[in-house]
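There are 2 protein chains.
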Amino acid sequence: MTYEDNIRKVTPYTPGEQPKTKVIKLNTNESPYPPSPRVVEAMEKLDWNKLRLYPDPAMSELTRCIADHYGVKPSEVFAGVGSDDVLSMCFLTFFAGEKPVLFPDITYSFYDVWAEVYRIPYETKKLDGDFRIVPSDYYAPNGGIVIANPNAPTGIGENRAFIEDILEHNSESVVIIDEAYVDFGAESALPLIEKYENLIVVRTMSKSRAMAGMRIGYCFGNEKLIKYLNDVKYSVNSYTLNIPSIAAGKAAIEDTEYFREIVGRIKKTRENTAEELKKLGFSYFPSDTNFIFAKPPAGYKAKDIFLKLKESGIYVRHFDKERISDYLRITIGTDDEMHMLIHTLKEILQ
Amino acid sequence: MTYEDNIRKVTPYTPGEQPKTKVIKLNTNESPYPPSPRVVEAMEKLDWNKLRLYPDPAMSELTRCIADHYGVKPSEVFAGVGSDDVLSMCFLTFFAGEKPVLFPDITYSFYDVWAEVYRIPYETKKLDGDFRIVPSDYYAPNGGIVIANPNAPTGIGENRAFIEDILEHNSESVVIIDEAYVDFGAESALPLIEKYENLIVVRTMSKSRAMAGMRIGYCFGNEKLIKYLNDVKYSVNSYTLNIPSIAAGKAAIEDTEYFREIVGRIKKTRENTAEELKKLGFSYFPSDTNFIFAKPPAGYKAKDIFLKLKESGIYVRHFDKERISDYLRITIGTDDEMHMLIHTLKEILQ
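Sequence order for the protein chains is A and B.
So for the first sequence, our numbering puts the first residue at -1; every next one is plus one.
So for the second sequence, our numbering puts the first residue at -1; every next one is plus one.
This is chain A alone, in the form it adopts within the complex (with noise of 0.2 Å):
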């Protein structure tokens, strides 16, 4: 007996390379474009003094500016540190029963790192040829349900009434739908918060919001389910979003006309992107996301044009995993960006 013996050893989530160097970074869906001029004027303002201080532990003025904008109550909103906190402190609070929770194959990578870390038992579902969520495959017994809507990496989105009967089918356990690229596409499941009280749907301000590096996640759901949420919350860390992090947070939620300005600009240069793929004979699933997950042209390998463009200083995602080893994840990033990636391509593949 060493005290090894009491360590929990996991094998770790790995997050996309956040390189030193000067690159064109398209592999970690990140915004290409700056945040909203309010987030800087806010941080500017800021008296920095106050850090001295605890933040508000509730984040109060967080969601209740998120509640107000999305027309709902504050009690139905939950904050973490990026939408990777609210779905550990989901998974930690809401599947802590015996039968195993499911969710797809191929989808976030995180959900079964979060299952192992806490000991819940799960289940993958095989996605169809296409790629698609096979809904009947979630109407058997299960402790949970987890869907990313729009799919990663496949960048899939489905509609409502997709979601509305999964939920049909699981009155008996919580069901999460992790939205953290809808909006570049599909059709959220908020609205369904008020007929279904086992829902959450989480968003996050790191994609459309431009924020990955401030850490803002969020969730909506039932006010009793959100209650559960923050006692766990509250049991393993009472203070998580610092004092700029709540006031960024209020300050992007609060720029409607510049989030719809960008978000638009980087479905435009997806559109773009997606022709000048096909072109080059990529072939792909029409993409929900701020990603494009594209199949290179027979005769080439997704691994090796990966490390192609790295050499090239262009950083895009490959997974080395089963069903998706022959795709690569492409952000979008400005149109420049993309016109260097397509150029580039069309080099490798000559």
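The set of hints was computed from the structure by calculation and includes no laboratory data.
Note that this is a predicted model, so its numbers are computed, not measured.
Where hints are given, some of them may not hold.
Identical copies look the same in the list; a pair holds intra-copy or inter-copy alike.
What the hints assert, rightly or not - Result set (DSS-like, lysine-lysine): computed pairs, CA atoms no more than 30 Å apart in a straight line:
#1 K97 <-> K7
#2 K7 <-> K123
#3 K306 <-> K48
#4 K222 <-> K319
#5 K306 <-> K344
#6 K193 <-> K225
#7 K193 <-> K7
#8 K7 <-> K222
#9 K319 <-> K225
#10 K48 <-> K265
#11 K7 <-> K71
#12 K308 <-> K225
#13 K71 <-> K20
#14 K308 <-> K48
#15 K301 <-> K225
#16 K48 <-> K20
#17 K20 <-> K225
#18 K266 <-> K48
#19 K277 <-> K266
#20 K276 <-> K299
Assemble chain B onto chain A, guided by the hints.
Then chain B, alone, in the frame of chain A:
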């Protein structure tokens, strides 16, 4: 069977109140002084447009700076969202065995909350009649040990030999020394990490570094332990400290002069306040922290004084808990704030 059956229901930690009106706030052990001017400068210089990118998940800039300052290797340092996050990750990582984790009955009230939420078996050991930790209590077989030194809310610190004795008897479990208040007194166990590979020493920037609002905690340990801790951290949330936290933490650590100055001032105010409290008939233990744990003179109830101070706009902390309900925990504020406290106490006691 309903979805409620799958939910983890816990009794959360209750943080001290964060009043929104102007009061004298001596209830959550914050610093009465602002953070280092270098922190303010770092924030004013920060390029907020960079918030679009994820922070460095390894927080290398910060951990390297902490390592240099304390003369250890960066691989022996871990950082998190306040020491609560660091401690919570430590509980999750190091206390995965079946034997009970041991800690005092009177100590930081989060320990049993973490044990509950992570379903870790634990046993508390009674402090003696003078509120001192009894080392031999920790010779029993266990799955881990947590000692706050100085202890809270008693404020009593122990020397390094005391901690080393506990380590000598516990090679088979991880021993965590929570040094949230160590900069105000007591002897740090930090030099012992080279000798005991099962030792973790936890620190915070919320007290002596005057940055409760930024949420930065860190810990030291053998690089093997730090690796296990990082594996769990990367399995819960890869990106915890946001971009401003990493920059602010670095700036705070670099300003040793300012740090010494404010810690010195707080210690001086503490000694003066203790003298004044003694004159009023309070009894207390010599404090090694930025608070005094004091018992009102005979005939007065701590809770009544707590409520009367609150009416006068002075917040201190009272714990409605066995063995310590006769005490008040009073954070050391500025000299002016402490004069107001003493003045108000005089009125209450007459």
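Structure-based check of each hint:
no. : hint          : verdict
1   : K97 <-> K7    : both (23 Å within a copy, 17 Å between copies)
2   : K7 <-> K123   : both (26 Å within a copy, 28 Å between copies)
3   : K306 <-> K48  : between (48 Å within a copy, 27 Å between copies)
4   : K222 <-> K319 : between (38 Å within a copy, 28 Å between copies)
5   : K306 <-> K344 : within (12 Å within a copy, 76 Å between copies)
6   : K193 <-> K225 : within (18 Å within a copy, 45 Å between copies)
7   : K193 <-> K7   : between (40 Å within a copy, 23 Å between copies)
8   : K7 <-> K222   : between (33 Å within a copy, 12 Å between copies)
9   : K319 <-> K225 : between (38 Å within a copy, 25 Å between copies)
10  : K48 <-> K265  : between (39 Å within a copy, 21 Å between copies)
11  : K7 <-> K71    : between (40 Å within a copy, 23 Å between copies)
12  : K308 <-> K225 : between (46 Å within a copy, 28 Å between copies)
13  : K71 <-> K20   : between (44 Å within a copy, 28 Å between copies)
14  : K308 <-> K48  : between (43 Å within a copy, 22 Å between copies)
15  : K301 <-> K225 : between (45 Å within a copy, 29 Å between copies)
16  : K48 <-> K20   : between (35 Å within a copy, 13 Å between copies)
17  : K20 <-> K225  : between (44 Å within a copy, 29 Å between copies)
18  : K266 <-> K48  : between (42 Å within a copy, 23 Å between copies)
19  : K277 <-> K266 : within (17 Å within a copy, 74 Å between copies)
20  : K276 <-> K299 : within (16 Å within a copy, 78 Å between copies)
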